[in-house]
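These protein sequence lines map, in sequence, to chains A and B.
With this note's numbering, the residue at position 150 of the first sequence is 150, and numbering never jumps.
With this note's numbering, the residue at position 176 of the second sequence is 176, and numbering never jumps.
Please keep in mind that the hints were generated in silico from the structure rather than gathered at the bench.
Where chains are identical, the list cannot tell them apart; a pair therefore holds if satisfied intra-copy or between any two copies.
When the alpha-carbon atoms are kept at most 35 Å apart in a straight line, the in silico DSBU-like pairs for lysine-lysine are as follows:
1. K50 x K84
2. K105 x K72
3. K38 x K50
4. K327 x K103
5. K50 x K368
6. K72 x K290
7. K149 x K290
8. K329 x K105
9. K290 x K71
10. K207 x K246
11. K38 x K72
12. K105 x K327
13. K167 x K105
14. K327 x K119
15. K71 x K167
16. K368 x K244
17. K207 x K365
Given next are the chains, with one letter for each unit.
Protein chains: 2
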Amino acid sequence: MYRILNTEGRAKRAEFHTVHGVIQTPVFMNVGTVAAIKGAVSTSDLEEIKTQVELSNTYHLHVRPGDEVIKKLGGLHRFMSWDKPILTDSGGFQVFSLAGLRKIKEEGVTFRSHIDGHKIFMGPEESMRIQSNLASTIAMAFDECAPSKADRGYVQASVERTTRWLKRCLLELDRLNGLEDTINPRQLLFGINQGAVYADIRIEHAKRIADLDLDGYAVGGLAVGETHEEMYHILEEVVPWLPKDKPTYLMGVGTPANILEGVERGIDFFDCVYPTRNGRHGHLYTNRGKLNLFNARYELDDRPIEEGCGCPACRRYSRAYIRHLLKAKEMLGLRLCVLHNLYFYNTMMEEIREALEQGRFAAYKKKKLEDMAGQDVQE
Amino acid sequence: MYRILNTEGRAKRAEFHTVHGVIQTPVFMNVGTVAAIKGAVSTSDLEEIKTQVELSNTYHLHVRPGDEVIKKLGGLHRFMSWDKPILTDSGGFQVFSLAGLRKIKEEGVTFRSHIDGHKIFMGPEESMRIQSNLASTIAMAFDECAPSKADRGYVQASVERTTRWLKRCLLELDRLNGLEDTINPRQLLFGINQGAVYADIRIEHAKRIADLDLDGYAVGGLAVGETHEEMYHILEEVVPWLPKDKPTYLMGVGTPANILEGVERGIDFFDCVYPTRNGRHGHLYTNRGKLNLFNARYELDDRPIEEGCGCPACRRYSRAYIRHLLKAKEMLGLRLCVLHNLYFYNTMMEEIREALEQGRFAAYKKKKLEDMAGQDVQE
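All chains, full assembly: derive it from the sequences and hints.
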């Protein structure tokens with residue numbers, strides 16, 4: 001159940017009720033590809049850094065350890081010891097970006113595992129069966145994520161197939177949710193809007209999938225090569241055609257600025273590897289700009305990454321110490337940086353929700369963008 | 001101040017009072033070479049796994065980030081955010097094992113950094129100055145750790161030089177502790193008994209260094225190639241000649257069995273990289289034998305590493321999950337294994353202390369060795 005608490009323009013402050021608890025939106029989902037957040041971050045750590053939803057990757061877990069294994073172990077929640085919501089992607093994005101040599105047919109896609117090269121077939125039904133085995137809170141529909149530079153003809157045909165695939169996903173998940181040995185019989189399904197940068201194709205597609213009574217709607221295939229402005233434009237065009245009484249999800253996005261712009265255009269859910277990936281490279285988000293801990297200026301800096309930050313890294317450790325760990329290639333350095341960055345993102349979402357509740361999101365957004373504009377912290 | 005609470009044969013249950021708190025002995029020190037425990041283990045984690053003393057390496061910290069840097073940042077305790085006792089080694093062991101091309105003279109040793117090859121000179125005074133900059137709770141004397149297979153003549157001369165070096169360490173640390181800008185003016189000094197496998201040389205050396213009023217006495221140069229039986233024999237011969245009113249420290253030792261044998265022979269302090277190193281390879285200690293999580297039999301095993309274990313890994317995660325993380329090369333897998341192994345060691349020391357208090361150490365030791373005898377857990 002999705003309940004809007006406040007709006008400001010198109011921006012929404014809402015609650016999404018699931019079998020694993022209520023998600024307060026707008027929300028940033030924390031990416032744990034193989035059922036673990038990169039950087040030795042545990043689910044105990046996630047509880048400390050305000051994570052609401054963990055996101056895992058269907059393709060990766062299907063390949064290793066195998067969704068059947070996870071099902072036998074009671075599903076993803078029990079496997080990774082996390083009782084809050086989990087969203088699984090459909091595997092589609094990885095199939096189209098990671099896996100070697102692939103063949104697309106109406107039934108689905110044949111491709112090779114990036115681990116051992118063995119042949120795998122995945123179509124809508126397979127994706128639903130895997131996600132049902134994983135027993136995530138929210139399953140994503142299996143779609144084709146066409147290249148952003150693909151021509152109209154290709155994109156048009158691809159989107160039509162994605163619509164047919166979506167209907168098959170809906171039927172199959174409905175069937176799976178009714179089976180006796182299904183771990184989460186209330187697994188939700190989000191559809192995915194595609195259409196690359198062609199606004200008319202996307203709008204037409206949005207109308208088609210809006211007719212299906214899905215639990216939520218994602219905008220996919222963005223942040224894959226187009227400019228930020230193109231992305232914002234697409235959101236402005238498409239989001240109004242998605243059902244107002246359902247949550248929206250902008251897949252794989254993005255920078256803090258992208259998120260603020262997305263919220264303004266009506267997005268509820270976000271996910272991105274930036275905070276983990278940047279953290280692992282010593283690039284840290286602060287309210288005064290980004291900070292690169294490898295910079296020599298931090299050698300003797302005994303302040304936390306950001307003064308006043310409540311993350312497990314800032315509560316206890318100095319820039320100088322974390323810099324030393326990074327330079328010495330000690331894993332603890334990466335862990336502390338990832339914890340800080342995820343906490344920064346999760347806290348920003350909390351601030352966004354509060355601003356929306358108080359009808360001051362526009363002002364909040366303006367100030368946040370100004371604060372973060374610095375290239376590095378030069379204090 | 002060292003206070004013996006109980007004895008059983010030569011085994012001692014004691015307390016060692018330091019400026020950073022009381023150390024309950026026998027104790028296992030947890031190794032954090034470059035001011036961090038391998039495996040992304042933070043000092044917050046250490047507080048959860050019953051760590052009493054953290055051990056850092058003088059040579060590594062001198063090379064990176066530099067002891068002067070750590071001094072400017074307020075010393076090692078502040079640098080790594082750990083307010084309990086820290087022991088630093090002297091750098092001697094690393095100089096003689098890690099560093100390239102070295103030249104030993106009466107003044108000290110010239111060698112090349114293992115990081116960038118630059119020339120470094122370290123003698124007793126340099127080691128004390130570095131350790132004073134680090135401001136550890138306990139500094140170790142600078143010694144030569146002669147190869148266990150060295151001939152008598154070499155060992156005899158080496159031990160005599162180590163004695164002269166020890167006197168210089170004592171003088172220099174005394175001077176440093178009196179300086180105004182010294183961070184820890186109550187830094188303690190432990191001397192190190194050497195003599196390879198020659199019991200008579202070791203006994204003679206023990207008598208010589210016992211005359212100096214040091215804060216503690218280590219037995220060094222063991223666990224470097226000789227058999228366990230040779231090591232136990234040396235301890236039986238030498239420990240009785242070390243001062244009874246001072247703590248003893250068996251450097252770099254060892255397996256749980258080695259520790260039990262060491263305690264029986266009068267040792268208070270231990271340290272070893274086994275729990276961290278084995279943890280990083282998925283080798284786990286349990287009371288029913290060692291367990292290798294890479295073994296396929298754990299694929300669907302949803303029990304904790306060890307039933308009833310209170311470590312952060314066992315309280316929350318299954319063998320199957322941790323095995324998956326290790327196989328997927330997720331850092332979290334290493335972290336959970338290291339936490340479990342250190343907790344196992346620290347808990348064993350707690351059990352040893354309790355057994356000594358209750359005069360049942362011999363029985364405890366016998367049972368523990370029997371329990372751990374399994375090669376792998378075949379449940």
